[in-house]
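So the protein lines, in turn, are chains Z and S. According to my numbering, the first sequence is numbered sequentially starting from 23. According to my numbering, the second sequence is numbered sequentially starting from 2.
Note that these hints are calculated values from the structure, not bench results. Keep in mind the model is a prediction, meaning the values are calculated, not measured. Be a bit skeptical, because a hint or two may be false.
As the list claims (entries may be wrong) - In silico PhoX-like cross-links for lysine-lysine, where the CA-CA straight-line distance does not exceed 25 angstroms:
| no. | chain 1 | residue 1 | chain 2 | residue 2 |
| --- | --- | --- | --- | --- |
| 1 | Z | Lys69 | S | Lys66 |
| 2 | Z | Lys48 | S | Lys248 |
| 3 | Z | Lys69 | S | Lys332 |
| 4 | Z | Lys74 | S | Lys66 |
| 5 | S | Lys66 | S | Lys332 |
| 6 | S | Lys220 | S | Lys232 |
| 7 | Z | Lys37 | S | Lys66 |
| 8 | Z | Lys111 | Z | Lys58 |
| 9 | S | Lys415 | Z | Lys48 |
| 10 | S | Lys218 | Z | Lys69 |
| 11 | S | Lys415 | Z | Lys105 |
| 12 | S | Lys218 | Z | Lys37 |
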Amino acid sequence: MLHINCPFCGLRAQKEFAYGGDATVKRPELNKEVSKEEWDNFVYMRKSPRGKHIELWHHISGCRQWFKVQRDTATHEIFKTAKMSEEIK
Amino acid sequence: MQKYSVFSLIKNAFSDHQNWEVAWKDPTPKSEYDVVIIGGGGHGLASAYYLAKEHKITNVAVIEKGWIGGGNVGRNTTIIRSNFMYDANARFNEFGMDLWRNLSQELNFNVMFSPRGIINLAHSDAQMNAYARRGNSMRLNGIDAKLLNRDEVKKLIPMADFSDEVRFPIFGGLMQPSAGTARHDGVAWGYARQADSMGVDIIQHCEVEGFDVEGGKIKGVRTSKGVIKAKKVGLCVAGSTNILAEKLNMTLPIETHLLQACVSEPVKPVLDGVVTFGAGHFYISQSDKGEMVMGGDLDGYNSYAQRGNLPTIQHVLTGGLALFPFLSRLKMLRTWGGIMDMSMDGSPIIDKTHIEGLYLNCGWCYGGFKSTPVSGWTFAHTIAQDRLHELNADLTLNRFSNGYLLDEKGLGTKTWIS
Ligand SMILES: Cc1cc2nc3c(=O)[nH]c(=O)nc-3n(C[C@H](O)[C@H](O)[C@H](O)COP(=O)(O)OP(=O)(O)OC[C@H]3O[C@@H](n4cnc5c(N)ncnc54)[C@H](O)[C@@H]3O)c2cc1C
Ligand SMILES: [Zn+2]
Chain Z
23 MLHINCPFCG LRAQKEFAYG GDATVKRPEL NKEVSKEEWD NFVYMRKSPR GKHIELWHHI
83 SGCRQWFKVQ RDTATHEIFK TAKMSEEIK
Chain S
2 MQKYSVFSLI KNAFSDHQNW EVAWKDPTPK SEYDVVIIGG GGHGLASAYY LAKEHKITNV
62 AVIEKGWIGG GNVGRNTTII RSNFMYDANA RFNEFGMDLW RNLSQELNFN VMFSPRGIIN
122 LAHSDAQMNA YARRGNSMRL NGIDAKLLNR DEVKKLIPMA DFSDEVRFPI FGGLMQPSAG
182 TARHDGVAWG YARQADSMGV DIIQHCEVEG FDVEGGKIKG VRTSKGVIKA KKVGLCVAGS
242 TNILAEKLNM TLPIETHLLQ ACVSEPVKPV LDGVVTFGAG HFYISQSDKG EMVMGGDLDG
302 YNSYAQRGNL PTIQHVLTGG LALFPFLSRL KMLRTWGGIM DMSMDGSPII DKTHIEGLYL
362 NCGWCYGGFK STPVSGWTFA HTIAQDRLHE LNADLTLNRF SNGYLLDEKG LGTKTWIS
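Isolated chain Z, as found in the complex (with noise of 0.2 angstroms):
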C-alpha cells in the first residue's frame, strides 16, 4: 500500500487518491501555430522512467486537490509531494 503526503491533508492511503499520469508533459502553448509533432507528442508520447517519476494525483476521497508526486516506479518509494505550482526538481 503506498502511503501519499497530501500537501493539504497530509499522510493517507493510496485508496483515497487517482492517479493522473506523467506531471512533466507540457501541452503546446496556446494562440500560436502547433505543429502536428507537437500535438503527437503532448498526447502519446510518454518517456515511462524505471526509476524517479514526477506524475500528477487526485486526492479524489479528501480535499479533491490535483497534485504532484515525485516517486520511483521500481520501488514506489515515495520522495517528494508538491502543490500545482511548485516545482520538483
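Given chain Z, put chain S with the ligands in place with the hints provided.
Relative to chain Z, chain S with the ligands alone:
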C-alpha cells in the same frame, strides 16, 4: 531433436527418465547473427521460430536477461480470444486462433490449448446492445459470436449469483465459443525447443544494455556478455520497451504499468470456460488443476515492480465476490504481477522504425498472450522481408499521428484507467 511421443515416454521410463535430451541448448553467443531478437518471452521465441521455419533464417539469437518464460508469458492468466470489433484487431487475432488450434501438433509440445469459450457478461440493456454490435462485427470477420440471454448464461455458469438482491443483475452476455486458455509456460518452452532444433541460439542471463547504430543503420547490440553484431534487431521486451527505447533516443506512445493476478486453492470443477464481469473489473477461469485463476485492474500508476499492491487485489476480489459468492470460502494460494507495455489506444504495435534494420514489437497491454503465435508470425515476416504483412499493416507506430487509432474500448490515451 528427440520427438516426444507415447513411445519415447515408455522408452525413457525404463531408464528412470534420466536420459531425456535437453529441450534447448545453452550456447555461448557468436560474435555475429543475421537477426538478434531481444526478449525471450513468448513473442520473442515465436518470432525466432517463424523466422527459421517460414523464412529459413536460422542464424538467429534470442537474448533474454533472465530465463525464458520468466516474464509475462509465464505470468498471465492464459486467456485466448479474438472477440474484437475493429477489423485490424479481429483479422489479426482470428488468424492467431488458427495457429493456436494446431500449435501442439506443430511444436510437438502439449501447449494444452483448451477452447472452452469466453463469456463477457452484460448488466444493462445498453451493455447488451453494445455486445450485440460487437458480436455482429465479429461475425462479419468470420469469428464465432453468440449473444446469450439471462437464462442461457445461467445454464452455462450456474455458480454465479442470479438472485434478486444483487447490485448488478446479469442481463445476458456475449460468448465466443472458440476462445479459451492454454498452458502459458508450455507455449514458451514449445517455441524455444523447436527454434533451438532449427539452429536458433537461445541465450539466457544476458541483458541488452545498449545498441550500435551507424548512419541510421543498426549494427548490433551491447550486452552483459559483450558486443554482438547483427544485421537486424527485433525488440520483444513487453514492459521493458520504454527502457530500451530510451537508449535509442526514441519516445514511444507507451507507458509501463503493473497487472496482478491470483489463484485460489484447487477445487473440483465448478466453472467451464472464462467469464468476465462486465460491471466491474474482474475475470475468472478454472485451471486444469482446479485452481480459480482471477484478475482485473491494473495497479493504476506507472510501475516497473514485478509485484503489486494489496488494495488492487482487494478491489478486484470485491468484484469477484459480487459475481461468485462461493469464492469467499476459498483460500488464496498466491498473487503476482507483471509489467505491461500499455499503448495509448490499447492495441499493439508491430512495425519498422526510423532506424534501418530495427523492428518494434510492443504495446501488448494486458492481452498479448493470446496473440503470441500471430505476433511471432507477423513479426518474423516484417523482419525477414523488411515490410509489414497485411495482418499487421494497421498496427503501425504512426497511426497515432495519422489519427488511425485502434481504440477498442474507447478509453483514449488513458488505457490504464480501465
Ligand atoms: C497478470 C497478467 C495477466 C495477463 N493475462 C493475460 C491473458 O489472460 N491473456 C492475454 O492474452 N494476455 C494476458 N497478459 C498479457 C501478456 O502476458 C503479455 O502481453 C505478453 O505475454 C507479452 O509478451 P511476451 O510474452 O513476449 O513478454 P515477456 O514474457 O514479458 O517477454 C519479454 C522478455 O524480455 C526480457 N527483457 C526485458 N528487457 C531485456 C533486456 N534489456 N535484455 C534482454 N532481455 C530483456 C524480459 O526478461 C522478458 O522475459 C497478462 C499479463 C499479466 C502480467
Ligand atoms: Zn488532500
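Hints, one by one, checked against the model:
For a cut-off of 25 angstroms, the pair hint linking Lys69(Z) to Lys66(S) stands: about 22 angstroms separates their Cα positions. With a C-alpha separation of about 23 angstroms, the suggested pair Lys48(Z) and Lys248(S) falls inside the 25 angstroms cut-off, and the hint holds. A hinted pair counts as satisfied when its Cα atoms are at most 25 angstroms apart, and Lys69(Z) with Lys332(S) does not qualify at roughly 40 angstroms. For the proposed pair Lys74(Z) and Lys66(S), the alpha carbon gap of about 23 angstroms is at most 25 angstroms, so the pair holds.
Using a Cα cut-off of 25 angstroms, the hinted pair Lys66(S) and Lys332(S) is violated, with the two alpha carbons roughly 34 angstroms apart. The suggested pairing of Lys220(S) with Lys232(S) holds, with an alpha-carbon distance near 6 angstroms, which does not exceed 25 angstroms. For a cut-off of 25 angstroms, the pair hint linking Lys37(Z) to Lys66(S) is broken: about 34 angstroms separates their Cα positions. The suggested pairing of Lys111(Z) with Lys58(Z) is violated, with an alpha-carbon distance near 29 angstroms, which exceeds 25 angstroms.
Of the supplied pair hints, the one linking Lys415(S) and Lys48(Z) holds, its CA atoms being roughly 16 angstroms apart against a limit of 25 angstroms. At most 25 angstroms may separate the alpha-carbon atoms for a hinted pair to count; Lys218(S) and Lys69(Z) meet this at roughly 23 angstroms. For the hint pairing Lys415(S) with Lys105(Z), the CA-to-CA distance comes to about 23 angstroms; that is within 25 angstroms, so the pair holds. Between Lys218(S) and Lys37(Z), the direct Cα distance comes to roughly 48 angstroms. Violation of the 25 angstroms bound is thereby established for this hinted pair.
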